[in-house]
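Position chains B and C relative to chain A; hints supplied.
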Amino acid sequence: MKTVADLTCLTRRCFAVVAIAALTASALPAAAQETVKIGLIASLSGPSAKSGEAITRGLMLAIDEINQAGGLLGMPVELIRRDDENNPGKGLTAARELVQREGVAVLFGGLQTPVSLALVPYMNQSQVPFMGPWAAGTPITKNGADPNYIFRVSAVDEMVDIALVERAVAVHGAKNPGMMLINNPWGESNEKGLTAALEAKGMPTAGIERIEANDIDVVPQLTRLKEAGADTIFMVANVGPSAQVMKSLERMGWDVPVVSHWGPAGGRFSELAGPRAADVEMIQTFTFSGNDSPKAAATLDALMAMFPEITGPADVTPAVGIANAYDAMHLTALAITNAGSLDGPAIREGYYAIDTYEGLIKTYQTPFTPDDQDALGPEDYVFTRFIDGEIIPIE
Amino acid sequence: MTPLENPSLRMRAARIIAHPATALAGIAAFTAGTIALALTADGYLVFVLALFALNVVVGVGLNVLLGLAGQISFGHVGFFAIGAYTTAIAVQNGLDYWLAFLLAGAISALAGGLLAMPALRVTGPYLAMMTIAFAFIVEHAAIELRHITGGHNGLMGFPAPEFMGRAFFVPELAILSSLLAGASLVAYFQLARGRWGMAMRAVADSEVAAQSVGLNPFAIKTVAFMVSACLTGLAGALFTPLQGFISPGTFPFFQSILFLLAVIVGGTGRLFGPVIGCLIVVLLPELLSGLAEYRLLIFGGIMLGVLLLAPKGIVGGLLSLLSAEEPRPARATGRDPRDLVRADGAAPAGLTVSGLGIAFGGVQAVRDVGFTAAPSQVTSVIGPNGAGKTTVLNMISGFYKPDNGSIALGDDLAGHAAWRMARAGIARTYQTTQLFDHLSVRDNVLTAMGAGRLGWLPGVPPGAAQVALAEDLLAFVGYTGPVARRAGDLPHVDKRLVEIARALATRPDVLLLDEPAAGLMSGDKIALGRLIRRIADVGLSVILVEHDMSMIMEISDKVIVLDAGAEIMTGTPTEVQTSDAVRRAYLGSGNYVGRPRATSPGHAARAEVLSTRHLTAGYGAAAALDRVDVTVKGGEMVAILGANGAGKSTLMRALSGLHRPVSGAILLEAKPVQEMDAHRIAAAGLALVPEGRQVFPMMSVRDNILMGGYLRRDLDAEAEIDTLLHRFPRLRDRIDAPAGVLSGGEQQMLAIARGLIARPHILLLDEPSLGLAPAIITELYDVLADLRDEGVTILLVDQMAALALAIADRGYVLENGRVVQAGEADELRRDASIEQAYLGGGVAAE
Amino acid sequence: MIASTLISGLALGSMYGLMALGFHVTYAVSKTVNFSQGSSMMFGAVMGYTFSVTLGWPLIFAVIAALACCAVLGLAVERFLVRPFARRGSDAWLMATVAGGIVLDNVILFTFGKEPRSFSSPLAENAVDVFGVGAYPLQLIIPVVGLGIALGLALVTAHTRLGKAMLAAVQRPETARLMGVDTQAVIAAAFAISAVFAGIAGLLIAPLFSVSAGMGVVFGLKAFAAAIIGGIQSAWGVMLAGLIYGCVEAVTTAYIGSSYTQIVSFSAVILVLVTMPNGIFGRAEINKV
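Chains as they are written, first to last, in full-length UniProt numbering: chain A, 1 to 395; chain B, 1 to 846; chain C, 1 to 289.
The shape of chain A in the complex, shown without the other chains (with noise of 0.2 angstroms):
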């Protein structure tokens, strides 16, 4: 019988000190609310780590303006970060973390879509404003809820596909483009997107390709591609299986125009997509390369100040989640001011309230309404390449 009842009050009482320590420990409510707490959760590791480190370069920049300035409400702000390691069930306890312990006023997160879609629901359950920065699945902010808590200062798929269905058009004068997709929720967004804008201008496809993370090779799926008559190639993938789609298509010899999301922008695509990284026609909401506006040189000068290793554009890939995260912060920061308190109804309330603001990327007017909860819209894309590791606007 030994062996079965093997409770010892050793044992016992171990569990018990080990139990309550813990949990004392993190039942501890974090000491009065002294500061204004900024919830992130992102990948901070894994191949999208480099995305969520610029993110939160983006956030410490500005919060560091915010604090220099005087804090929100009196109050300085503190930003609170978890690894969701690209798992939406990660993400999603961590936003109860963040939500519920260490009360969080705003949630920025969820680079993934899938992320993103799965911390939805309870966001606007817990009435916390949720601020997206990166992902762009188009249901995250249309999502149906009423009131809804999702904002995002990103770029929207469908949106995005409108435009890359432009360009593909009215550059490379595309009449039968192909798709690949990576397989996952962006993907899916994205198939929807496109499938969208070509109907819109009654084009057909000569196919839709899926490409999986850890693909090695999709020169299988690129020859149906081509055996349908592809002229042009839109492509929705992370860096690691858009490089991947590059080299594949070296390989075949196939010299077709590549129209991108901005997946690549993620990592170090030049060097991982070899030769043909150059060609990738990639959309994005900003850049340093190219930018004369004053405010882009001395946001880079200030990066340059903050975090030693930046030392020149080069060093701030990606771009669009440092400047999309530094503008959302900015908009955020006069969302909790015009609330004039921490409670999310009066901060939501407070991003519809947002007049005019200077930002990184443009100057926002009225950039919040109940019915278009996203900042950016297609007016703000460009079109860039990747060159030498720095991310060029196409003129």
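Simulated from the structure, these hints should not be mistaken for laboratory data.
Warning: the hint list may mix true and false statements.
Beta-carbon label-pair distances, calculated as ranges [stated by the list, open to error]:
# : chain 1 : residue 1 : chain 2 : residue 2 : range
1 : B       : LEU179    : A       : MET203    : 56 to 62 angstroms
2 : B       : GLY94     : A       : PRO345    : 29 to 35 angstroms
3 : C       : VAL130    : B       : GLY744    : 54 to 60 angstroms
4 : B       : ALA665    : C       : THR160    : 36 to 42 angstroms
Yeah, the Cβ is synthetic: ideal placement off N, Cα and C, and Gly gets one too.
Relative to chain A, chains B and C alone:
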């Protein structure tokens, strides 16, 4: 003296721990504690608490599989996902949550059963692969079946479960999860101490033995898989409303490893192991949320640390600090042995075997064996090594399917699986005891009761009547040690006795005993002989395979003699003892005229090449060699004689370094080698030609010989092989053939050639004549005589005493691991006591 | 289409085969494997990158040094993660090597960096034309190298002292000790060889893919599947199974769609094991009572 070292305090603590009330109180405290926390803590903590409780449920489920049934699964996240998706899809289609919850458990259990069917045909890495594949298939099916699973986007927005008008949100779900965790712990507790749990652990310890007490390993492991999957699926069913969102990404393959980690770190097979493990796996990251990125590194480190430092896990490690063994021996009620062994008092049927035959790979191992084992009689099967005795037992007990013949115990049972044979009333023991090592002595016996019929899940613990019966049986067989002792820790003789008690617990009509006396001391052998007789007297048909002739002669009613797979004689012990055919089979052909040495080698003057001083070695607690002193001088040929089980092979293995550790000394060329491993002893100049030749079957004959010269730097391969081929001309034609296709005689020649090319200081030969035809044996022994004449130092073990003594200079006789006689070969040849060692005491007396 | 599918499939397949060969080598001599073979593959690629790109050594030295690192890794795995458990008859080596892989992956993650890096090779820059399909020379070289190594292994085992010692230890471990073979050392050597094979696979695949701390996980699992399908006891069996596995993946991707690749290939694994519990080329291990 610290409290831990105080035996009486330890005993008291161990008793408290072992008491079922302690476990139930612990479970109640755990459940009440988590519920209390769920009622008082803030929102997020309650959520974490619920996750923790669900992980405990999964951990308990995995513990059933890993801790009880000994099967690993890397696929449990698949069952978790199946439970979660089933619930989500069902409630979204309008099913009541509680029905969906039950459905999730049922479908997961079904999936577990389906996976078990193929998975249990394989073991080890193959099983691991099967479960890995399962986890991936579930994950990708969840992605691709998008019309019902929502694809990558998953499912969200589930109505909150309601009960009696109250909606279940996180706090209610946390309480429910705690209750489920408590319930699963109770279920595990009940399962583990009941018949099913015992059966699962029995199967994990030894499937072979489990079958011979009537347990069907396949069914038991399948049930373990299903129970495990069901609990995991139920946890998944609660996860769905708790998380409010599920997607394929929520159930990554890696989660399976975390589930395993929790069970292993906590303590596999321990009731509270998963609780402690989940505390670490779920709560530790919450404490270290600032170190989120290092989470996996920390987990990996913890897992390695626990595996290396506390192989039994945290709970197991702590418990072993406090464990103490209940010293109480078996209590006998003094019932009539007939009541212990026979349930209904019905006259048992005798066993009739006829025309039994089987061939392995074209070799006829047993042909046309037939006999009747009558009730209340001891029917013995004897014969030299390789005669097919154990093969006959294996066919009768269902481990081998005979090619022809019948095995009738009332009905013809030939070809039935082992567990069916056991249920039909045929019980057995094994040459090497096959106890359930991790079960207590008493549980070993209890497991066998009911001959494999286990009843309903989770099963009840054996009742007082059964426990009393088990102890009566243990007392009956003469086991006097503690009934609570782990069977794996028993001394050899006790293992034999407990194994017999376990066989009797199935209430058999026929009891098969495979060399029960092997390795026993003479006093124990006498007691064993009496026990066997008593078992027969109760009314069982006992079939005994044994090498100890004095025992055979004393207790047998009938003796069947096998040689080379065929029956050569059946008769009374006296008839058998006086039969020339039997004598020849055992002692070797008396007509072989070995070539004695032409001239005296003068070995008295030579130096000792190999000698032992008080060499003692054993398997487990039994000494197989007891203070053996043997000496071989340069150029001598020395024979070691003795019956099977006397310790001859152990001596050869000890000398060559295969058997370690040994105590006493072994001197090779005056250097102590008793602590050296075999490869270093080989380098020191000893070559063993092992029993059964052990040629490398897939290598050519040439490569086999060269392998013998592995350590020689100065090998002139072609010339030396050519010399050897002159000595063994049979090998010349087959030099490039794979050794596996050679005949037994050729393989033996090859094995000797392989030994000689090493140019050893001494050549050891273990049973070279075993299983060879007489003509080949003559040829072989002529070669050995040549070698002797050329001055090779040889130590020879052969069961055929007459053969060995025909060419040896000197000899030692081993009995029960001791040297009982030593002398010149001529003297020994004339000594009748040698025959006694082989054929039992009766011979000398006549 | 067929040509390009086969080129992809054979290149991938020989990677699986090479790593599966690593599983085979250790299983044959010790009935144990390094379950984190994928980590050894990653380690080879990361070390190769470090020596060649970060430290700027000539490629040949970088490759040799990286493989030497793999060999040391293999020895360490055997010594610390397998031997302590195998010695006491426990099969906890399985979990220990899994844990070791997690630790190694994460240590590399924090030292090498979180981002995938490109390890370019002149053999993977300019495509050549094969049957009308573009292919990098490396893709054509990989199967040759894979089969070459399998052949090399066969030659080494047949003709060298170490090889014969391994063969002997595989067939009759105890008798091999009687011949003077230090079987413990042979087992250690097998783990080193196994890790080197994985390292070669990592170095070969890196230019076609990228180098990162997590690159080996999926590869390791698929290679293990190949080893099991082939019958882990048979060297040529696992190599062939690796090639078949790669081709099945490529064909599924090309003709059914890549989203079904894993379902098809892992279902095939189960199907093979159901019908042939010892793998396609494996033999049953006989249990004696």
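Hint by hint, here is what the structure shows:
1. Separated by about 59 angstroms at the C-beta atoms, LEU179 (chain B) and MET203 (chain A) satisfy the suggested range of 56 to 62 angstroms.
2. For GLY94 (chain B) paired with PRO345 (chain A), a C-beta distance near 33 angstroms keeps the hint of 29 to 35 angstroms intact.
3. Between VAL130 (chain C) and GLY744 (chain B) the Cβ separation comes to about 55 angstroms, which falls inside the hinted range of 54 to 60 angstroms.
4. The supplied range of 36 to 42 angstroms is met by ALA665 (chain B) and THR160 (chain C), whose beta-carbon atoms lie about 37 angstroms from each other.
Checked against the numbered hints given earlier, the structure satisfies every one of them.
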